[in-house]
Amino acid sequence: MSLASGNAAADNPRRIRFREPQIEMAHGAGGQASRRLIEGLFAPLLFKSSSEPLGDAAHLDFGGTRIAITTDSFVVKPLSFPGGSIGELAVNGTVNDLAVSGAKAEAMVVTYVLEAGLPTPVLEGEVCAMADAARRAGVTIVGGDTKVVEHGKADFMYITTTGIGRPLPDLKVDPRSVRPGDKILLSGPVGDHGVTILLARGELDFEADLRSDTRSVLPFVEALAKAAGQGVRWMRDPTRGGVATSLNELARDCELGIVLQEEAIPLHDAVRGACELLGLDPLHIANEGQFLAVVAAEQANAGLDALHHTPGGEGAQIIGEAREQSAGAVVVSTRYGGSRVIDMLVGDPLPRIC
Amino acid sequence: MKFVDEFREPEVIRRTAEEIRRLADPNRHYRIMEVCGGHTHAIYRFGLKDLLPSNIDLIHGPGCPVCVLPMGRIDDGLSIAEQPNVIFAAFGDMMRVPGTRGSPLEHQARGMDVRIVYSPSDALKMAQANPDKHVMFFAIGFETTAPSTALTLMRAKAQDIHNFSVFCNHVTIIPAIRAILDSPDMRLDAFIGPGHVSTVIGCRPYEWIAKSENKPVAVSGFEPLDILQSIVMVLRQLRANEAKIENQYKRVVPWEGNHAALRAMADVFELRPYFEWRGLGFISQSALRIRDGYAEWDAEQRFEVPGVRVTDPKAAQCGEVLKGVLKPHQCRLFGNECTPENPIGALMVSSEGSCAAYFNYEHRKTAMVTRIASVA
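Chains as they are written, first to last, in this note's numbering: chain A, 1 to 354; chain B, 355 to 730.
It is worth saying that the hints were derived from the structure and are not from the lab.
Any given hint might turn out to be false.
[What the hints assert, rightly or not] List of simulated lysine to aspartate or glutamate pairs, EDC-like, C-alpha gap at most 20 Å:
hint: 1; chain 1: B; residue 1: Lys356; chain 2: A; residue 2: Glu207
hint: 2; chain 1: B; residue 1: Lys356; chain 2: A; residue 2: Glu276
hint: 3; chain 1: B; residue 1: Lys356; chain 2: A; residue 2: Asp281
hint: 4; chain 1: B; residue 1: Lys598; chain 2: B; residue 2: Glu561
hint: 5; chain 1: A; residue 1: Lys77; chain 2: B; residue 2: Asp476
hint: 6; chain 1: A; residue 1: Lys77; chain 2: B; residue 2: Glu561
Looking at chain A on its own, in the form it has when it is part of the complex:
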């Protein structure tokens, strides 16, 4: 696809703000660099109305029939890890992007980029994992495409999934609808997936009883929609860049401050320990089965209750609220009265040793 030949560019030559000389790893890490690339290059050239805040899925209207559409690519090393594998992630990731945009995934197409030499049993395992995940999430896989690249040109396999979903009734999510006093809900402990992957790479000489949290978050979205309906303002699955990055995007889009209570953020001891050792912040670590929502204060407790009664949502918490102060930023208040600003992740989380 040639980006330069697009008419949009000719119409709006000044809106291309991306001036970095080349693509770096950070542009794919989900933090500030990713946002600059999307907002500075892709959005002005490709998207029709780039004044809208960028969501997890696009909602379209075809003569009265509304559909939601999204796509996601999966590049994971190692391919499988405790609690999941690339195939399962590829289904759940797209299901979740649709879910937090307020839609139920109905159909999906899959593209495989395979490296020559990939053992068939590995591929078969991942296809089975996708079939299982799709069955659990209630989505039908209807087609796909396969490309094979030379050995050494890919890490075994990359998977891209594109999903079409049906918008849930009475659910309208828009960061600009967030008001001061609205509560931030989180479905469960943060950082399990990212730390599991870090440990599964085998570069660290320590082990922990941890599993990736990969799962469909649709049941949470449906439960919340039922319990809090119009009170639901915004939702997000905090994947790459973690909770901190998702909430920073929210803070910028809604032009309010997000204040978190540190002690309210659920966290497994193993994740906390690993982060302490490596100098990482759990709020920057990727999740694959957690769910953040902003709910109007009056409906927040009903919403939390609904999450608690959804299987897997027992650990849900209200972790903070939106405020007028600190507009555009996320502030964590510590247990003893101090506070700190937590920004989006810059690049990948890097361990701190010396």
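Go by the hints and put chain B onto chain A.
Here is chain B on its own, set in the frame of chain A:
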């Protein structure tokens, strides 16, 4: 979590903060330097400044290994890795530190084989697993990490592993503290001593600071309570007009240090006559080089190294910030040309660097408070 939670207990922390307020003379201004970057990071991460009275100023010291590394050294290391079949291995801390033509991560994106390791012995294992490649470990750190580099070199020699070398940038903390105290524009009342370095060197090497400079030192751990207790210790000394070395971090730091680690360092390394520190200039006998007995594993001897000195951008005031003369936000470039995403000085790179810590945890908070105040 043991060894963590008991040092973050809100009630104890509140009481300790109260004690600090009681001990601090309201008619006096205190300038206390935390030498170690780990302390700087913890101070911002836990919001400890919010708990201190306004007449206690914490000055960030030079104890951030990547921050004090001159850009020329990074260029030298990367130039070795540009040779065919060389793997550049380093701690995650190094990966975003800019050289003249970009950071190790940027070189990786352009095709250089750059890998993150968690210890020097991982780099040695990498060499064993890749016999057709040469693994160069880009070693950084104070006495905290130098012993593990020394032990790894000893193992490489003992096991006859020849596709491995170390580009040694290890530095020592005492000469840096001396350089800061010798600096004419510096006024300090006391030091919070580095915890991890002291697990190796012990507390004795600081004694001259108390004896000849008449300044209290408390060697401190890294939890919020550790740091606050250390501030209590030095305030008590200042109040009693005393100057001595106290060990707040007794659960980890032995007074005499770690003999085995010191011996390994002495076997493998010797002092360089002088070494350039970013911002502080050349400091004599402040860094380690690999002894001739290990020349085969010394990347500086084994490879051609350009050794070009690179001056920092004139506008950057890293030196003043490193010495504590300027606060991070007082630098001309802070937050404008120099941000964690586009760092000009290394202080903006490492999360232990005072500029990055200030930017990430404090900068916008201050900006917001100012804005709220101006609205009110």
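Tested hints:
1. Lys356/B - Glu207/A: 17 Å, holds
2. Lys356/B - Glu276/A: 12 Å, holds
3. Lys356/B - Asp281/A: 19 Å, holds
4. Lys598/B - Glu561/B: 7 Å, holds
5. Lys77/A - Asp476/B: Satisfied, since the Cα-Cα distance of roughly 19 Å is no more than 20 Å.
6. Lys77/A - Glu561/B: Status violated; Cα separation ~50 Å.
In terms of the numbered hints stated before, the structure departs from hint 6 and from no other.
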